[in-house]
Amino acid sequence: MASTTTPRALTDIRQEAQSLERRARLRKSVNTTLTYALMTALAIFFLFPIVVMVVSSLKPDDQITSDMRSINAFIPRNTTTSNYSCPDYNQPGSACSPDGTNAGLFERMPFGRVFFNTVFITTSIVALGLIVNSMAAYSLARLRWFGRRPLLTLIIALIIIPFEAIAVPLLLQLRDFPWITDAGWLNTYHVQIFPFVADAFSIFLFYQFFIGIPRDFDEAARVDGANPFSIYFRIILPLSRPVFATVAILQFLTHWGSYLWPLMSTASAGLEIRPLPVAMQIFFGQAPRQWGDIMAFATLATVPVLLVFLMFQKWFIRSVAASGVKG
Amino acid sequence: MLIKRNRPRFDEKTAEQITALAMFAPAGLLLAFFLILPFVNAFRLSLTDQPLVPRLITTTNENGDTVRVQEAAENVGLDNYRDLLSLRVFRLEAERDDQGQVIRDEAGNIEYESARAYLRPAGMQSLAEFNLLGSRYVLGATDAPFYRSLANIFTFVILVVPLQTSFALGLAMLVNQKLPGKNAFRTIYFSPVVTTMAVVSVLWFFLYNPSSGLINSFISVFGLGPYDWLDHPASAMISILLLSIWQGVGFQMVIYLAGLQEIPEELYEAAGLDGANTFQRFRFITLPSLRNTTLFVAISTTILAFKLFVQVDVMTFGTGGPSLSTITPILHMVNQGFREAQAVGYASAIAVVFVLLVLAISLVQRRVLSSER
Chain B
5 MASTTTPRAL TDIRQEAQSL ERRARLRKSV NTTLTYALMT ALAIFFLFPI VVMVVSSLKP
65 DDQITSDMRS INAFIPRNTT TSNYSCPDYN QPGSACSPDG TNAGLFERMP FGRVFFNTVF
125 ITTSIVALGL IVNSMAAYSL ARLRWFGRRP LLTLIIALII IPFEAIAVPL LLQLRDFPWI
185 TDAGWLNTYH VQIFPFVADA FSIFLFYQFF IGIPRDFDEA ARVDGANPFS IYFRIILPLS
245 RPVFATVAIL QFLTHWGSYL WPLMSTASAG LEIRPLPVAM QIFFGQAPRQ WGDIMAFATL
305 ATVPVLLVFL MFQKWFIRSV AASGVKG
Chain V
35 MLIKRNRPRF DEKTAEQITA LAMFAPAGLL LAFFLILPFV NAFRLSLTDQ PLVPRLITTT
95 NENGDTVRVQ EAAENVGLDN YRDLLSLRVF RLEAERDDQG QVIRDEAGNI EYESARAYLR
155 PAGMQSLAEF NLLGSRYVLG ATDAPFYRSL ANIFTFVILV VPLQTSFALG LAMLVNQKLP
215 GKNAFRTIYF SPVVTTMAVV SVLWFFLYNP SSGLINSFIS VFGLGPYDWL DHPASAMISI
275 LLLSIWQGVG FQMVIYLAGL QEIPEELYEA AGLDGANTFQ RFRFITLPSL RNTTLFVAIS
335 TTILAFKLFV QVDVMTFGTG GPSLSTITPI LHMVNQGFRE AQAVGYASAI AVVFVLLVLA
395 ISLVQRRVLS SER
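So the protein lines, in turn, are chains B and V.
When you read off a place in the first sequence, starting at 1, and then add 4, the result is the number in the working numbering.
When you read off a place in the second sequence, starting at 1, and then add 34, the result is the number in the working numbering.
Honestly, the hints are just simulated from the structure, not real lab data.
Glycine included, every Cβ here is placed at the ideal spot set by N, Cα and C.
Treat the hints with care, as some may be off.
[As the list claims (entries may be wrong)] Some chain V residues flagged as far from chain B (calculated, every beta-carbon gap over 10 Å): (1) GLU105; (2) GLY293; (3) SER359.
[Stated by the list, open to error] Straight-line distance between alpha carbons at most 30 Å, and here's what the computed DSS-like set of lysine-lysine pairs gives: (4) B:LYS318 - V:LYS47; (5) V:LYS212 - B:LYS32; (6) V:LYS341 - B:LYS318; (7) V:LYS341 - B:LYS32; (8) B:LYS318 - V:LYS216.
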């Protein structure tokens, strides 16, 4: 008897194990499917405004509004580039502007100039900031001097001051302050750059990184007669590429969208020196409000940055992570 | 080596001090001039009636000629703070007819005298009217929009911080799983962070359009709406909140992702052996391990949320409307100091109150969150 039941029991157990395994596998694949469904739904949530923006920028105005009622909002139909440019809009018989009023973005505002302004201002802030802030951090982290401790405390305290709170007093302070030429400060490029070059949080990030570099490196260099400045240049800088990338990206993200300060400090200047966010606000308020042109503006302001982000996405994400881990 | 040792140490030390100072100086001077000085000035100006554009007055100089000179700002003490913060409660009397009987409307409610009779002489506007212990009161403020901005920003912060923080954590856990394609999703969730707030505000203004906006079309599929979104006082702030989370949550997600990756895998394995389920693992391993990350995310989101300005300014055309339902302290400050009133002294008082508020909140938050177990 025993010899006949045992194999049967074994088969039962094996079958049971197989069905358990199958069930576990099924549960896992259901879980995975659900996870992907959720992740896709979220991806749609994060992407739909951008897709609608790009697609709408390629449609005539009336098409944009009527397509918003259906899935057509995401589908390019009757595509045209006239929202971007319609050079002969005021000529009779113009293809992109039959009624003679439908100018494109490029005819309505100097978009290229505005884009350049933002690139120029942001790049200047980032580049000058990297030099100035890293030097200050090096001085605080690796040199022995009287100012070290009190100044470090001060820098950390300064991180908390919101720029918004000092914007109005700063405006007043700069209004009558001399500049190397007669131009003064207001309504210039430099008023949009210099207030942001030195940044307490950037100094703090550099400091955190520099303090972790082993001292043996500079001791050795010092014995060879290197001065502190050449140690900074020859030893610290080459070792610190990651933190430079981090600070550059964080500063870029902060200042690319800068709005309040240019709004105030360049209030009486034309668009030839004002940046994208301010131009967007002006263009948005400008009659006639043609959504096609506005979407063209939004697309051209967004897509290049998105492409840069896609190219360096690993660095972007690493930088942001670093700002939290150390902050 | 020998020569170096024989040289007095003093020189080397002095040299290092000078180099250190020289390397710190550029950042130090810039911070002093562009951050510390205006910060100190904010306090100083808040005690004056400084206008943005100096007032010109006609006066006679020592030669007896009439000249126009800039009028110096006057010290007004704490007047700006009084105008900004003054609150008063007035008790309203019931309206009575000739016989001294209380007048009631058709529904039987007592009719009260107009609050304006009290508010106007005091230079105040009504913040709220309320009944308490059988009497009717009106709460007046000299700067009602300021108190509205405080109420709005507190509502915004109280909603956005827990929502955005937990959403960010959820996203981070989702893309932290070992699944193919997770990097693509990570990139997608982060991409709104690199868009420009002023630009996406305009874009969302378009999507929120009550009659032809995509969002109303979308929710109508589920039988919801249409809602007025930005055009209704009850939903305007929520609309701005949704857009703000959309734009900002990817940043916090990445910070959480970094935190999650620091949690040792062994902790989860040990918990698995002890028979902990998914929720228990989250509750007793993930959350406690992320305490510092949560502290950072919550505090930085709070400070950012308090500074709410760009979205509101662009989407409401600087008004903070409808009926002040989206006005924020920074918008009020910009309007007072720079746009309508151009009263720099007054705007500085708003700035000072704002800084103290943000400082106090982040200190309290740090204490509360770090003592939590």
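field: Hints violated by the structure (listed by number, smallest first)
entry: 2, 4, 7
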